[in-house]
Amino acid sequence: MADLFNNLALGLGVALSFKNLGLCFIGCLIGTLVGVLPGVGPIATITILLPITFGIDPIGALIMLAGIYYGAQYGGSTTAILVNIPGEATSVVTTLDGHQMAKQGRAGVALGIAAIGSFIAGCVATIIIAALAKPLTAMALLFGPADYFSLMVLGLMFAVVLARGSVLKAMAVILVGILLSTVGTDLESGEERLTFGWTEISDGLDVAVIAMGMFGFAEILRNLESKQTRDVVHAAIGKLLPGRKDFAQSAGPIARGTMLGSLLGLLPGNGAVLGPFASYTLEKKLAKDPSRFGKGAIEGVAGPESANNAGAQTAFIPLLTLGIPPNAVMALMVGAMTIHGIIPGPQIMTKQPQLFWGMIASMWIGNLMLLIINLPLIGLWVRLLKVPYRLLFPSIVLLCCIGIYSINNSPIEVVMTAGFGLFGYALVKFGFEPAPLLLGFVLGKLMEEKLRQALVISRGSFTTFVDCQLWAGACTRPLSTGLLALSLVLILIAILPSIRTSREQVFKEAD
Amino acid sequence: MSQAPEDRAGAPPGSIPSGIIKSSLDFAGGLFLLALAGLGFIGGFNLPVGHLSGIGSGLLPKAVATLVAAFGLVLLVQSLVAGGDRLERFAIRGPIFVLGAVLVFAMTIRPLGLAIAGPLAVLISALADKETRPIEIVIYATLITAACIGLFKILLRLPIPVFPPGYGPF
Numbered sequence: 000m001a002d003l004f005n006n007l008a009l010g011l012g013v014a015l016s017f018k019n020l021g022l023c024f025i026g027c028l029i030g031t032l033v034g035v036l037p038g039v040g041p042i043a044t045i046t047i048l049l050p051i052t053f054g055i056d057p058i059g060a061l062i063m064l065a066g067i068y069y070g071a072q073y074g075g076s077t078t079a080i081l082v083n084i085p086g087e088a089t090s091v092v093t094t095l096d097g098h099q100m101a102k103q104g105r106a107g108v109a110l111g112i113a114a115i116g117s118f119i120a121g122c123v124a125t126i127i128i129a130a131l132a133k134p135l136t137a138m139a140l141l142f143g144p145a146d147y148f149s150l151m152v153l154g155l156m157f158a159v160v161l162a163r164g165s166v167l168k169a170m171a172v173i174l175v176g177i178l179l180s181t182v183g184t185d186l187e188s189g190e191e192r193l194t195f196g197w198t199e200i201s202d203g204l205d206v207a208v209i210a211m212g213m214f215g216f217a218e219i220l221r222n223l224e225s226k227q228t229r230d231v232v233h234a235a236i237g238k239l240l241p242g243r244k245d246f247a248q249s250a251g252p253i254a255r256g257t258m259l260g261s262l263l264g265l266l267p268g269n270g271a272v273l274g275p276f277a278s279y280t281l282e283k284k285l286a287k288d289p290s291r292f293g294k295g296a297i298e299g300v301a302g303p304e305s306a307n308n309a310g311a312q313t314a315f316i317p318l319l320t321l322g323i324p325p326n327a328v329m330a331l332m333v334g335a336m337t338i339h340g341i342i343p344g345p346q347i348m349t350k351q352p353q354l355f356w357g358m359i360a361s362m363w364i365g366n367l368m369l370l371i372i373n374l375p376l377i378g379l380w381v382r383l384l385k386v387p388y389r390l391l392f393p394s395i396v397l398l399c400c401i402g403i404y405s406i407n408n409s410p411i412e413v414v415m416t417a418g419f420g421l422f423g424y425a426l427v428k429f430g431f432e433p434a435p436l437l438l439g440f441v442l443g444k445l446m447e448e449k450l451r452q453a454l455v456i457s458r459g460s461f462t463t464f465v466d467c468q469l470w471a472g473a474c475t476r477p478l479s480t481g482l483l484a485l486s487l488v489l490i491l492i493a494i495l496p497s498i499r500t501s502r503e504q505v506f507k508e509a510d
Numbered sequence: 000m001s002q003a004p005e006d007r008a009g010a011p012p013g014s015i016p017s018g019i020i021k022s023s024l025d026f027a028g029g030l031f032l033l034a035l036a037g038l039g040f041i042g043g044f045n046l047p048v049g050h051l052s053g054i055g056s057g058l059l060p061k062a063v064a065t066l067v068a069a070f071g072l073v074l075l076v077q078s079l080v081a082g083g084d085r086l087e088r089f090a091i092r093g094p095i096f097v098l099g100a101v102l103v104f105a106m107t108i109r110p111l112g113l114a115i116a117g118p119l120a121v122l123i124s125a126l127a128d129k130e131t132r133p134i135e136i137v138i139y140a141t142l143i144t145a146a147c148i149g150l151f152k153i154l155l156r157l158p159i160p161v162f163p164p165g166y167g168p169f
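Chains as they are written, first to last, in numbering that gives the first Met the number 0: chain A, 0 to 510; chain B, 0 to 169.
These are computed hints drawn from the structure, not numbers from a lab. Fair warning: there could be bad hints in the mix.
Taking beta-carbon pairs under 10 Å as the criterion, some of the chain B residues facing chain A (in silico) [stated by the list, open to error]:
(1) Asp25
(2) Phe31
(3) Ile54
(4) Leu98
C-beta: ideal position from N, C-alpha, C; glycine also.
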């Protein structure tokens, strides 16, 4: 316990320096600014803003990136409440009651309770991360290559189960992501793979290029096609601070949402997306009068928003301790960290304690800043949301172009991004969800590496992954075997029709 | 990978009635997967698969491409047997102008700089939307480019060219 506080103190010392505070502030501010734009989710926001962090030392850059990430998340909730357009999957639920509250002239209270709930959730999640970091890192050191491989298989299976729509298509799209990850020079043999003699991609495809194409450009193409009438609330924003009654109603949902979100966020494979749905369902079940839900019940904003933020934060745990990104946003974070020369994984904590604890402390500070930034700036966000899309999308195109060019000062990468824009648009048109592809792309590289290592160590025997003779009571590879068994169970669950329909209902409830 | 498969038009958009193909969406999706798997096979054709204790560089691409192809086939079969959604029409105007703007940006940024490439990208992409108003967008393109130069070049000092080489203050 004393260790925990020592570590947090070390982190606070780093994060509270004047420069890092400033970076955290700027990150949160511009993250929200870009995240508020309709149709620009966290993935596109982080990619657009990535070049801004160049030229900053790794610690500062990471703190700023984390700030951008929280800002983008919160910006998504703001659009959900004010315009009824969820910035991303995790704020879908917020549109239900949040937008109703806004229509009733209580937009301020909805945004206020979302910010307060997120702040409380963020505080708790920060402590959970700090407390779990040490034991999980210690555990990570016990993981052999085979266990890592199996853990990533499990993560991808979770992503399949949690993806919306067809299980078949979700699996296929992950495989396409893995296929894309093999493009470029093979690290072991030096042979060029799937490059078709094109030297520009002999270093492999850049995760930022894929992300920007599929989540920046493709999203614009889809928005242009199905123009949503943006229903920016005309009612007054109203007062921002929730009253005593609001607080009394929200306290329970915030506490429960925080717990649910933190736990689900830990799951590999985008567990965080479940948090808000689970919280909403729970609050509706617990409510004395469930019919209020969907008509502006404050519990329906407080709970899911807390769960959303808690999950967004605990999703960092698998990345920071095991080096395995649990979802598409974290997959992009891996790319961003690599640009700054940081390889996520268990060695960060031991080798760069300042960076590790500084980032964790900055999470807490970032949450505080969101609260401070957002409440007074709501008026500005409303005005920004009223900018018509015919002006917004050309600016997003320009920002994306500048962003992607600046990553490597390479016009060719801008061209490739346009290609991935078309690819992403086609993918969505054919009914595939793009997010699992990004996860498959980043995990694919890691998985191949671990697979090769594991097979070299075992001299080509697959028993290194599964070796359990239950009848003999012998299990030499309990971790890997268990993880693969769990993956198998998950896939069966996803395929069994009865469970599939109930899974659809969970998502339908929000639609 | 800029080569999005050409046979996207393999299934005429939304035009297939309840003939043999019950779900034109899944049918097209299946073809799409097969095309991607085909690209993977062609690109990795000459790579050695190796053996289990020393996996070659070709194993993963070939194995994954096989799986993608298998999923594509399952989707194709499913689209013939089970019902499903229809393929929506592909927009043409949006992709042409938005992605065209991006390509023009890529071609002009080095020789002409952001001061010219920026407004070009904004103006060309704006053509994707019927609601664009000419005067408004010209003014807006100038303003947003100026703001970007201020932010990225002056404030953040990114090495992005602003003027054609040899011209302009920086």
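Which numbered conditions among the earlier hints are violated in the structure presented, ordered from lowest to highest?
-> none
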